[in-house]
Amino acid sequence: MTSLAYYPGCSLKRFASGCEIAGLEAARRLGIELVELERWNCCGTVFSMSSGERMHHLGSLRNLVRVQEAGYPEVVTMCAMCQNTLRQVNNEVRGDGDSLAMMNRFMDEEPAYRGEVEVLHYLTLLDRLGSEAIAARVERPLTGLRVAPYYGCTLVRPPSAGIDDPEDPNIMERLLEALGAKVVRDPMRVECCGAYMGVSKPGTINVRASAIHGSARNSGAEALATMCPLCAHNLDAVGPAPDEPALVVFYFTQLVALALGAKPEQCLAATQRVDPRPLLSTKGLLEEPQP
Amino acid sequence: MLIGDRKQQSYEPRIVAFLCNWCAYAGADLAGTQRLSYPPNVRVIRLMCSGRVDPGFIIEAFLEGADGVIVAGCHPGECHYEHGNRLAERRMTTLQHLLGFIGIEQARVRLAWVSAAEGRKFAQLIETTVEEVRALGPFQQFPRRAP
Amino acid sequence: MNNRVGVFICHCGKNIARTVDVEALRKEAAGLPGVEWAEDDMYLCSDPGQQLIRERIAEQNLDAVVVAACSPTLHTTTFRRAVESAGVNPFRLEIANIREQCSWVHPGTAETTHKAAALVRSGVEKARRTQPLEPIHVGLQRAVVVIGGGVAGIQAALDIAEAGYPVHLVEQGPNLGGRMAQLSETFPTLDCSSCILTPKMVEVSHHPLVTIHTLAEVTDVEGSIGNFQVRIRQQPRYVIAEGCTGCGDCVPACPQVVPGEFDRGLGARKAIYIPFPQAVPFTYTLDREHCLNQGPLIICDRCAQACEPRAIDFDQQPSEELVEAGAIVLATGCDTLPLSHFREYGHDRHPDVIDGLMFERLLSASGPTHGEIRRPSDHRVPKSIAFVQCAGSRDPERGKAYCSQICCMYTAKHALLYHHAVPDGKVYIFYIDIRAGGKGYEEFVERVRAEDGINYIRGKVAKLIPKDGKLEVWGVDTLLGEQVKVEVDLVVLATALVPSQGIQELARVARVAIDGDGFLSEAHPKLRPVESQTRGIYLAGTAQGPRDISATVAHAAGAASKVLGLFSHDELVEEPTIARVNEALCRGCSFCVSVCPYDAISLHEGTAHVNETLCRGCGACTPACFAAALGPRGFEDDQILAQIRALAC
Chain A
70 MTSLAYYPGC
80 SLKRFASGCE
90 IAGLEAARRL
100 GIELVELERW
110 NCCGTVFSMS
120 SGERMHHLGS
130 LRNLVRVQEA
140 GYPEVVTMCA
150 MCQNTLRQVN
160 NEVRGDGDSL
170 AMMNRFMDEE
180 PAYRGEVEVL
190 HYLTLLDRLG
200 SEAIAARVER
210 PLTGLRVAPY
220 YGCTLVRPPS
230 AGIDDPEDPN
240 IMERLLEALG
250 AKVVRDPMRV
260 ECCGAYMGVS
270 KPGTINVRAS
280 AIHGSARNSG
290 AEALATMCPL
300 CAHNLDAVGP
310 APDEPALVVF
320 YFTQLVALAL
330 GAKPEQCLAA
340 TQRVDPRPLL
350 STKGLLEEPQ
360 P
Chain E
408 MLIGDRKQQS
418 YEPRIVAFLC
428 NWCAYAGADL
438 AGTQRLSYPP
448 NVRVIRLMCS
458 GRVDPGFIIE
468 AFLEGADGVI
478 VAGCHPGECH
488 YEHGNRLAER
498 RMTTLQHLLG
508 FIGIEQARVR
518 LAWVSAAEGR
528 KFAQLIETTV
538 EEVRALGPFQ
548 QFPRRAP
Chain X
4 MNNRVGVFIC
14 HCGKNIARTV
24 DVEALRKEAA
34 GLPGVEWAED
44 DMYLCSDPGQ
54 QLIRERIAEQ
64 NLDAVVVAAC
74 SPTLHTTTFR
84 RAVESAGVNP
94 FRLEIANIRE
104 QCSWVHPGTA
114 ETTHKAAALV
124 RSGVEKARRT
134 QPLEPIHVGL
144 QRAVVVIGGG
154 VAGIQAALDI
164 AEAGYPVHLV
174 EQGPNLGGRM
184 AQLSETFPTL
194 DCSSCILTPK
204 MVEVSHHPLV
214 TIHTLAEVTD
224 VEGSIGNFQV
234 RIRQQPRYVI
244 AEGCTGCGDC
254 VPACPQVVPG
264 EFDRGLGARK
274 AIYIPFPQAV
284 PFTYTLDREH
294 CLNQGPLIIC
304 DRCAQACEPR
314 AIDFDQQPSE
324 ELVEAGAIVL
334 ATGCDTLPLS
344 HFREYGHDRH
354 PDVIDGLMFE
364 RLLSASGPTH
374 GEIRRPSDHR
384 VPKSIAFVQC
394 AGSRDPERGK
404 AYCSQICCMY
414 TAKHALLYHH
424 AVPDGKVYIF
434 YIDIRAGGKG
444 YEEFVERVRA
454 EDGINYIRGK
464 VAKLIPKDGK
474 LEVWGVDTLL
484 GEQVKVEVDL
494 VVLATALVPS
504 QGIQELARVA
514 RVAIDGDGFL
524 SEAHPKLRPV
534 ESQTRGIYLA
544 GTAQGPRDIS
554 ATVAHAAGAA
564 SKVLGLFSHD
574 ELVEEPTIAR
584 VNEALCRGCS
594 FCVSVCPYDA
604 ISLHEGTAHV
614 NETLCRGCGA
624 CTPACFAAAL
634 GPRGFEDDQI
644 LAQIRALAC
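Protein chains in written order, with the numbering used here: chain A, 70 to 360; chain E, 408 to 554; chain X, 4 to 652.
Bound-form chain A, shown alone (with noise of 0.2 Å):
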């Protein structure tokens, strides 16, 4: 069994728990070992472009010192935005040797940070293992389950902290294909979710579900499938406009799981608003898998 260094980030820990229950599940199952790091923090949520504001980027780089510490080359996060964050920081620090200099000056109660860690998406972790050792683990095939991936914007922007093309990504396609799943191309894969407007402008998120489901919907797809909280979040538990109908989204790591032949109750979040049991009911993808 193979082990990586793991980091969760918050919003996995609370509203987002299904994501990384049905992710650590999923790895174990793959004879990964996802080990968590015993001291994190925040990674500060959004990578601040500001020049003069390096102060939040403290918060990514001492989570990346505790993995350097814990004697890791690696860190695996699920969370879309943690990557995003994380990734951003240690590029910043790596390419100018004044800032990392700097910034190790800011957090001198810690040990300085070299810059050699490497931030890895669970998704690009599952692609490197390849689809076809994936595909002769899975042993509930999601035949007939049409599902959409949808990227948003922190999986694949800016193109250097991005996991794939940020115009035409294709890791959940290549993936998804390996799980049994049919892939729907939605044209809106790599559009905005909304984000943070709904805090300013609630009604925006409405309107940018209504417009992600609908145009899912009008591919063909039953299903979004995605790795951040925050779209997770606005196509889900916000989601559409309430007299429209809303497609199940379920976290990657989900369909994952459960085609890996986990039980349900492992892959399915009590915190989905939209229930998928029905859905996947339909495909016969409750059952237990046939040996």
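Please keep in mind that the hints were generated in silico from the structure rather than gathered at the bench.
Among the clues, some could well be false.
[Claimed, not checked] Within a straight-line C-alpha distance of at most 30 Å, the following computed BS3-like cross-link-like pairs (lysine-lysine) qualify:
#	chain 1	residue 1	chain 2	residue 2
1	E	K528	X	K17
2	A	K270	X	K470
3	X	K470	A	K352
4	X	K466	A	K270
5	X	K488	A	K270
6	E	K528	X	K529
7	X	K473	A	K251
With chain A's structure known, arrange chains E and X on it following the hints.
Chains E and X only, in chain A's frame:
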């Protein structure tokens, strides 16, 4: 005799400059056309390319009584002969490492890039080199050759 | 050593005399070793001044001359002529620059006169060590290889052949014509492209001095200006050119249908084909890659059966030819950035996203739709089109930093031609800026802008979303500060021009430089735009950078005129100031070979040998030589060391 032994009188450094025909020499001409003024301590030898400068020429200049040497050519990437200035740079870098060994301060030898449009840069180059070499004092490390 | 040196000092009116004590200088000069005569004059460059020099040379029997005056860049030629006419070899003239580098930059003090005296002394020391040099005469092969059979290559070949010199026109493809043959009509006059190009293709193919090599490429270039040896590799056509009558009987017989390259994949051709009806040479080509006969065994000979003149030969082999040429013209043209580059526009998923050259084929009367504009997906006439300019151009992050020069104009032309064909159609042109800097270009764009139904929207297109058989274009209107969404039937990308494939290999073989974008580098961007950095190799057309047809033709004519200038002499006359090897001293270590920027030095039987036409006399080889066995004439070690001695003390 107009030119006496200047080192007996007040010290005026003597600088020999090797300039490439296409950039640095043209830059020096432009300084003239623009009527810029710089100290008369510099003596120019025109070569077709800074790549022609043999490091031996520089040692020879000191042996003959120079207090400082300038080698100037086209900016990197703009050499009239594709990459002659790069050769000059490599030869001068190697020479710089050896100068101390034979008792010549590194600041007495200067490699510079001067384009045909940089008359002012040429004048400033002469000014600063003359001042720096003046501060080092006359070069007396080598025995003077008999004339 | 020359011991009868004459020194002539110019006052240059007061330009020199104001700060330099000319009389003191003259006295100093007269006393220098080797100086026979020293004299000053008000203006040496004037006719009386030159006359003075000539007279003194004769009277005093001078063997070398130093002129102390202005910079050598100004009057070297003048004074060389003057001394030559009095019987002194022009390379025994030295100029001491006492104006630009002395009297103009220093005050009127004794130190300035000291400096002038040192410069004169340096000049005298060098002049004493000068040798008489004679220009080098090299034979000249008055024939040309033109690489690339597009309009640039055709123009250059015709201009050169018309002047009476043989031309080898080498084209990689099966026929001449290049990009221009693919175009429908040309801006801003809307001339039919084929109609103006075809006569030129016919003319070049019939010209007695032009040899056309199609399906051919240059694989090696040896030699130098005046005497290149060019290796041309001829790929088999599998159709005997002399036998093919162009009847086309082979085509219906062929069972293999292939997407046609000439129509950018919008139309089909057979494995035996001719790309377009006006093709020159009008000879069919068998594309063995798509032919049923892949191995030595012939399993299908239907074309051969159908061919009455028996012109099909499945056994043709590649051949090579070595051609002697005095000059080479590179006219290899351009390509466009592939549609697959634009992942945000998703061409692989949307067949109705095409590039400008595909749209040209749709407009062309001989194109796959016979000139009717029909979109690829369902062959319907599009009722609305979005044109996206600067697709890949002016986009340093994701594409090319440069402007492709022609897209603003051809997009305007496309919009107008579409509007003529579909008067109720809607056109949206997304642009960053309109660049219409040519004769009649701005007027043309203004005419198009004034058409009803053609909307220019200043802004970029973010992405294309397929919707009910149409494409929704998401863009921005930066003038209104609004997002734009329009639904259209067809999207045409004005993709960036890029160098044609294979240019890097050709540049390596021909030893010419390419720039950061892969285009061929000119010798000087302003003053030598048709010359490569390798003498005798000239550039024509878009191989050097994006340009339109008229600029390409002008560029090609410029390259031809450079070749003709070279050929206007019976032989090459080269400056003698190049490197010379003392064979007795050379040890054959080859360090000089590795530093020469021009590959001008080679080892022959253990001794360095300088190619006199390649050497430019920079002298970079001399410091590399441990044996002091070679040096550039006019800047030899003994001369420079004497100058150092004169200046340093």
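Hints and how they fare:
no., hint, verdict
1, E:K528 x X:K17, "27 Å, holds"
2, A:K270 x X:K470, "28 Å, holds"
3, X:K470 x A:K352, "28 Å, holds"
4, X:K466 x A:K270, "26 Å, holds"
5, X:K488 x A:K270, "23 Å, holds"
6, E:K528 x X:K529, "24 Å, holds"
7, X:K473 x A:K251, "24 Å, holds"
Of the numbered hints given earlier, the model fails none.
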